[in-house]
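There are 2 protein chains.
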Amino acid sequence: MEEECVSVDHSGKEMECLSIIPGWYSDVSDLFPVPGEIMSIKIEKILFKGRSKYQDIMIFQSLTFGKVIVLDGIIQHTERDVCSYVEMIVHLPLASIPNPKKVLIVGGGMGFTLREVLRYPSVEKVDLVEIDDMVVNVSRKYFPDIAKGYEDPRATLYVEDGNAFVKNTAPGTYDAIIVDSSDPIGPSRFFFEKPFFEAVSKALRPGGVYSTQGESAWVFLDIIQKLVEDCNIFFKGSVNYGWTNVPSFLSGAIGFVICSTEGPLVDFKNPVNKVDVDIISTKSESPLKYYNSEVHTAAFALPTFAQKVLCPKK
Amino acid sequence: MEEECVSVDHSGKEMECLSIIPGWYSDVSDLFPVPGEIMSIKIEKILFKGRSKYQDIMIFQSLTFGKVIVLDGIIQHTERDVCSYVEMIVHLPLASIPNPKKVLIVGGGMGFTLREVLRYPSVEKVDLVEIDDMVVNVSRKYFPDIAKGYEDPRATLYVEDGNAFVKNTAPGTYDAIIVDSSDPIGPSRFFFEKPFFEAVSKALRPGGVYSTQGESAWVFLDIIQKLVEDCNIFFKGSVNYGWTNVPSFLSGAIGFVICSTEGPLVDFKNPVNKVDVDIISTKSESPLKYYNSEVHTAAFALPTFAQKVLCPKK
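Residue numbers (this note's numbering), protein chains in the order written: chain A, 6 to 319; chain B, 6 to 319.
Any given hint might turn out to be false.
For lysine-lysine, the following DSSO-like pairs were computed, each having C-alpha atoms within a straight-line distance of at most 30 Å [what the hints assert, rightly or not]: (1) A:274 - B:146; (2) B:58 - A:313; (3) B:72 - B:294; (4) A:274 - B:313; (5) B:47 - A:313; (6) A:313 - B:153; (7) A:313 - B:72; (8) A:130 - A:279; (9) A:72 - B:153; (10) B:106 - A:274; (11) B:279 - A:313; (12) B:47 - A:72; (13) B:47 - A:50; (14) B:274 - A:274; (15) A:107 - A:313; (16) A:294 - B:313; (17) A:47 - B:313; (18) B:106 - B:313; (19) B:106 - A:279; (20) A:279 - B:58; (21) B:313 - A:153; (22) A:47 - B:274; (23) B:294 - A:47; (24) A:313 - B:54; (25) B:107 - A:294; (26) A:153 - A:199; (27) B:313 - B:107; (28) B:54 - A:231; (29) B:153 - A:47; (30) B:106 - A:47; (31) B:54 - B:199; (32) B:172 - A:231; (33) A:199 - A:72; (34) B:72 - B:58; (35) A:313 - A:72; (36) A:47 - B:50; (37) A:294 - B:146; (38) A:274 - A:106; (39) A:54 - B:58.
Hints were generated in silico from the structure; no laboratory data involved.
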């Protein structure tokens, strides 16, 4: 192993080993500090460390989570549990509309969400807008099985600013827009603000669907409340909060804000596509690991403490 | 703060500070080692450290989780998220049968599960069998609001071995038995073995219900598979696996094996008691924080990777 202990903070410098566990990666970042808890994962080997124009990127082989992808000192994905995050952020919206055809992914340059979107035989066109081409290149090298989605003739990669891309999209272009971004600070902060929500709502067709990373209710209930309030301004179909369990994320949970525009009714809690039955069976080389229709519906069952804040009418 | 860093291993000796984070508690135990991930919680003050006849007990005030209870180097409860574990392990079984009257709790000496059982107006008698009276005494001192359940005239504490207690119980005594134990090693190992399951099934009335801590499917799917198989031998009503999200537990999740004996049908997925509406409203001084009828049903929606192993017929 090249390095005994590593924790990269926002400025790109390595933190002193003094405060962390030698040979382990610790999820500590002054970009998005959550004092009080630290998740540490045993490093077997650091595979890649680099700084792009936008962020620090690290990939390491861990003892029990497979390969781990870290951006700006925050774990983004681990091979062991990425299935929960990417399958849910994609299939919660896409399984809820009949025959999704045109899909936009904002962020997600690793290609994990792209692979999930491409499972749908109805999909004709997927645009993926990732600002940081180092993310795409790193994925092609270290996750070739995932990144091969980029070779699918239905997929087009735009190395651009997703915020500007959406604002320049012709109204009503997409059936679904999925924002697979990092947290509401740093390079992704624009994706959590009203002008972006407005642009997304316009870029969707009537009855189109939108999902975005929506943080954990255990930790950031105030942020989620604001996201839901702001989305309610622009998404006149419905605004929902769903969640799933991701062991390597802070609090072991992550949520999604899931919305639809005015138009044909979308009943997110009762998916029209039985993705687990219809699609796994035809794609048996990489079956779904987490998602099925039951966990889809269950994702919208919120703990009482979150329901009181996010669904006060109940 | 008296101590700068603490991690208690099985033998009761403190580990060297070298390998952990000064001022933080790290969930590392050679009693139940899970190499590859460590959860650490910032300590504000250690409130209690002791060794009973059975185990090491520590309580500390944390920065963001409230008071934290540690047995043999493994986090048992934190004030912030204990609601998820105790409300689910109690209400998944009790909300599934009409008018529970006689309930046995095995373990759970802190009194958290006792408080949940006492919410039911129909409950006439709760026996709680805890082998370690130091756990009860510590709870009375540091969690007086919780431990006041012991003063309820319906509650009786037995400081005894739960395994022997259940085996000596007259057949058909209880409507529900809840095993609120630590992991399947150490002092609690008997609660995860066939002779105990058999004794529980006999101590329950026909159509009686049983719930026990059942580990996380992300980490211990093999253990859970064995538990479910073994329970199927003795519980002829049904055997189910449900789960919930507990941030401070390994993988952010914990499961429960939930069973019923032969007799009146128990439909665990559709609770007969609407605990959230009927009972919170009459106990407003300590409302439910996590449980409601929607999360009850959702608890039985398993990720595909777990469903394939635990419900292979699906």
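Note to self: Checking one constraint from the list: CA of residue 294 of chain A to CA of residue 146 of chain B, max 30 Å. Satisfied?
What the structure shows: 45 Å, violated
Check: CA of residue 47 of chain A to CA of residue 274 of chain B, is that 30 Å or under?
Finding: 38 Å, violated
Next item on the list: Quickly compare the C-alpha distance for residue 279 of chain B and residue 313 of chain A to 30 Å and report which way the hint goes.
Entry: 17 Å, holds
Item checked: 30 Å Cα cutoff - pair residue 313 of chain A, residue 153 of chain B -> Given pair residue 313 of chain A, residue 153 of chain B holds - Cα atoms ~27 Å apart, limit 30 Å.
Checklist line | Holds or violated: residue 58 of chain B to residue 313 of chain A, with C-alpha atoms at most 30 Å apart | finding: 43 Å, violated
Item checked: Agreement of residue 294 of chain A and residue 313 of chain B with the hint, judged by alpha carbon distance not exceeding 30 Å -> 10 Å, holds
Note to self: Run the distance test for residue 72 of chain B versus residue 294 of chain B: straight-line Cα separation, threshold 30 Å.
What the structure shows: Cα-Cα ~17 Å, so holds.
Notebook entry, point to check: Is the Cα-Cα distance between residue 107 of chain B and residue 294 of chain A 30 Å or less?
Noted result: At roughly 41 Å apart (the allowed maximum being 30 Å), residue 294 of chain A and residue 107 of chain B break the hint.
Checklist line | Holds or violated: residue 107 of chain A to residue 313 of chain A, with C-alpha atoms at most 30 Å apart | finding: Given that 30 Å is the threshold and the Cα spacing comes to 35 Å, the pair is violated.
Check: Within 30 Å, alpha carbon to alpha carbon, are residue 54 of chain B and residue 231 of chain A?
Finding: This hinted pair is violated, its Cα atoms lying about 42 Å apart.
Item checked: Restraint check for residue 47 of chain B with residue 72 of chain A, where alpha carbons must lie at most 30 Å apart -> Holds, at roughly 27 Å.
Notebook entry, point to check: Given the hinted pair residue 313 of chain A and residue 54 of chain B, is their alpha-carbon gap at most 30 Å?
Noted result: At roughly 37 Å apart (the allowed maximum being 30 Å), residue 54 of chain B and residue 313 of chain A break the hint.
In terms of the numbered hints stated before, the structure departs from hints 1, 2, 9, 10, 15, 18, 19, 20, 22, 23, 24, 25, 26, 27, 28, 29, 30, 31, 32, 33, 35, 37, 39, listed from lowest to highest.
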